[in-house]
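2 protein chains.
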Amino acid sequence: MPNVNADRLLGDLDALRAIGAQGPGVVRPAFSAKDMEARRWLARKFEDAGLEATIDGVGNVFGRSRNAGRALLIGSHSDTQPTGGWLDGALGVVYALEVVRALADDPATAQHAVDAISFQDEESRFVGCLGSRSFVGTLPPEQEAAAIDRDGVSLGDALAAAGLAERPRLRADAQRYAGFLEAHIEQGPQLEDDAKRIGVVTTIVGVRGLRVVFRGQQNHAGTTMMARRRDAAAALFDFAAAVNREFPRVAAARSVWTMGRVQLVPNATSIVPGYAELDLQFRDADEAVLDRFAGLAERLVAEANARGGVMLELQRSRAPIAPTEMDAALRRHLAAAAERHAPGQWLVMPSGAFHDAGIVSARLPAAMLFIPSIGGISHDFAEDSRREDIVLGCRVLADAAASILIGSDPFLGSDPIVMNGGHHLSKRGSDPERV
Amino acid sequence: MPNVNADRLLGDLDALRAIGAQGPGVVRPAFSAKDMEARRWLARKFEDAGLEATIDGVGNVFGRSRNAGRALLIGSHSDTQPTGGWLDGALGVVYALEVVRALADDPATAQHAVDAISFQDEESRFVGCLGSRSFVGTLPPEQEAAAIDRDGVSLGDALAAAGLAERPRLRADAQRYAGFLEAHIEQGPQLEDDAKRIGVVTTIVGVRGLRVVFRGQQNHAGTTMMARRRDAAAALFDFAAAVNREFPRVAAARSVWTMGRVQLVPNATSIVPGYAELDLQFRDADEAVLDRFAGLAERLVAEANARGGVMLELQRSRAPIAPTEMDAALRRHLAAAAERHAPGQWLVMPSGAFHDAGIVSARLPAAMLFIPSIGGISHDFAEDSRREDIVLGCRVLADAAASILIGSDPFLGSDPIVMNGGHHLSKRGSDPERV
Chain A
1 MPNVNADRLL GDLDALRAIG AQGPGVVRPA FSAKDMEARR WLARKFEDAG LEATIDGVGN
61 VFGRSRNAGR ALLIGSHSDT QPTGGWLDGA LGVVYALEVV RALADDPATA QHAVDAISFQ
121 DEESRFVGCL GSRSFVGTLP PEQEAAAIDR DGVSLGDALA AAGLAERPRL RADAQRYAGF
181 LEAHIEQGPQ LEDDAKRIGV VTTIVGVRGL RVVFRGQQNH AGTTMMARRR DAAAALFDFA
241 AAVNREFPRV AAARSVWTMG RVQLVPNATS IVPGYAELDL QFRDADEAVL DRFAGLAERL
301 VAEANARGGV MLELQRSRAP IAPTEMDAAL RRHLAAAAER HAPGQWLVMP SGAFHDAGIV
361 SARLPAAMLF IPSIGGISHD FAEDSRREDI VLGCRVLADA AASILIGSDP FLGSDPIVMN
421 GGHHLSKRGS DPERV
Chain B
436 MPNVNADRLL GDLDALRAIG AQGPGVVRPA FSAKDMEARR WLARKFEDAG LEATIDGVGN
496 VFGRSRNAGR ALLIGSHSDT QPTGGWLDGA LGVVYALEVV RALADDPATA QHAVDAISFQ
556 DEESRFVGCL GSRSFVGTLP PEQEAAAIDR DGVSLGDALA AAGLAERPRL RADAQRYAGF
616 LEAHIEQGPQ LEDDAKRIGV VTTIVGVRGL RVVFRGQQNH AGTTMMARRR DAAAALFDFA
676 AAVNREFPRV AAARSVWTMG RVQLVPNATS IVPGYAELDL QFRDADEAVL DRFAGLAERL
736 VAEANARGGV MLELQRSRAP IAPTEMDAAL RRHLAAAAER HAPGQWLVMP SGAFHDAGIV
796 SARLPAAMLF IPSIGGISHD FAEDSRREDI VLGCRVLADA AASILIGSDP FLGSDPIVMN
856 GGHHLSKRGS DPERV
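Residue numbers (the working numbering), protein chains in the order written: chain A, 1 to 435; chain B, 436 to 870.
None of these hints come from the bench; they were simulated from the model.
Note that CB positions come from ideal geometry on N, CA and C, so glycine has one too.
Do not take every clue at face value.
To be clear about the criterion: a stretch of chain A counts as covered by chain B if any three or more of its residues have a C-beta under 8 Å from a C-beta of chain B, and this derived list gives those stretches [stated by the list, open to error]:
1. 78–89
2. 176–190
3. 198–212
4. 216–230
5. 271–277
6. 348–356
7. 367–379
Pair by pair, the computed Cβ-Cβ distance ranges are [as the list claims (entries may be wrong)]:
8. A/Arg44 with B/Gln457: 58 to 64 Å
9. B/Asp586 with A/Gly23: 30 to 36 Å
10. A/Glu388 with B/Ala580: 55 to 61 Å
11. A/Arg245 with B/Ala703: 20 to 26 Å
Please build the complete structure, drawing on both the sequences and the hints.
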């Protein structure tokens, strides 16, 4: 069994945390000076671990094994939110580094090929999952050309400033890989609430984003009688309250919906707003549930428009993300490793957050492992995980990587899934494959 | 009867409009270069009309009559909204100038004293009704010291830049004045809807402003299950929908309420907001109605807090403005003049917008006259009024000014109010005084 070195792992996580540290948090948005410094540090660490390291033309840091044969790709991202936590992304990247070293140290796996990767801009400074999209070839050139950050900087200028404009871009070689593994903090409270230490991801939930536009008439808040108003804000409040009243009727157990962004124009205390926007996002692991939500939103808009006054328009605010099933065989290896290292203390669960693995799965078999987030907190300086959970997660990942590369069938022995019973949390638990 | 010169009146309105004109609108916010240019232009026009003109230490342009005896003060404001209309304020100021000239031209009134004034910053760049507050002595020094505009410029710096810092400030001499008259565009559609040409204001409605603060928990929109959320936006939508459902039950016929400003934090599509603010403003001519609205808002907050999750706090977002009754005697003069010039084509009505007359009335008897706004539009480049209504309004104002100064009792003859029947629009119509 590969021997994960806890001190080396935690030491490297601390070293990466120091690059861009602000208090307990990390500020290392994609292509910032600190992000590029972290990427150069990672490339050196990959080289030290015996890999052939490169930083490609979108900033992906890739460490290629010098060993022959089918390879496993492991990684995540090392860019952060504008005010990010220290583990989001970084955990999975340093896990990849440590798994490479642990497998190289073990004669049983030393001849196998493990590549490590840190994708660029998972956190959407320019394009969400820019690096993994580029890597698997699903980044439309027109989207790249149009990409600007919230300060108006173009992606092209950021690439040039980071010295990447002329570098070649890596493409995933599907023939090379047995699959891709990504470890990540959960970013939610499920594992902690259930007193579990490892999550094996069944599905990355699908996301749809709608924007409801309300067009009324701007007026003076003192001189315009109520009966005469076409108040865009009042229509928005009505619509949003209707969503929160009606959506539960068609929701699945783990469906979520969020109206986190509102814009009123002119957004002044004494002016009846003539224009408003409301973003409505919903997520579920089941495309049919997403269809029900979308249909309900359309019905609520049609009902409001039938009443008249303010006119509503439903727009698509983002390209929809379909639910992404993780690879069944890779999941079995992760589940078996979890049961060996933390018997009864793991579960299977969907991922409510999106991840690079959701992009990579379009080209390679992909699977994900979660460790608990303390208090479910993420995208915040307070983000943290217990050190023993961090070490345990890496041991599970290294063990699963070894079993995938060695080619053992995790179900030749006992069936850890049935023993564990963790599948009750996931609707996927009823699938034939049981995970 | 004083002889208003229509060409002179419209010519001066056009000349003032040209200072800061942008297309059909005017951009002349308080203390801007264009505002100060307009004030110097007004001071010259006041001098040309025989008045002794000064610009005081807050920018009020004051033209003092050289005649002896009890005086009448007439005026409004010449500053505009950041993107304002050409008549809001300017109309009443140029009316004052024309009334001064018309009364001076008429031997029956030439010996009477009419002062003209253009107050500063009615439109709240720094302090709403700054000039009239200073003039009547109700501007708290600490409010003045703390005043900054939306760009962070302090009032003190703006006064210095305009060269006003060292100038003395005028104070209203209550002994000098029989009263204050302000003419203004209606800024609403009531006169137009009722096919009337003159409004005599009964009351400037009271205004209360509340801010509801919602404190929840910020979370990831993908990983936080619905049952665990404390979504500040969802609580805001619920509260706002409840206001729009419940307020009509306690409202009077002309009550208005507005929720024109919302702030979600962080206001991002993919984040459950942990904090939100909602401004709730309501207006009515009757303090008892305002009390009912305030009590209802408190009850809705208490009910939400009893449900738990997100916690609501009700704050006062502005100093309340009590309903301000216009002076009964002055109103009778305005009504009688309206009936003489536009028999059956005028009405009595509350003002839903606030005006300098509401400030001045704390120290002097004050009354107001409205002319129709085309389409009810104001605070917009499209603001306009029919030229014949502009001229008619000035004739009514000049005639009322003459009758006030001459001291005739408008009820010695017929009772125009009863004849006109316009009082049915106002709850004040049932007052003993009949207007």
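### Query
Looking back at the numbered hints, which does the structure fail to meet, lowest number first?
Violated: hint 1 alone.
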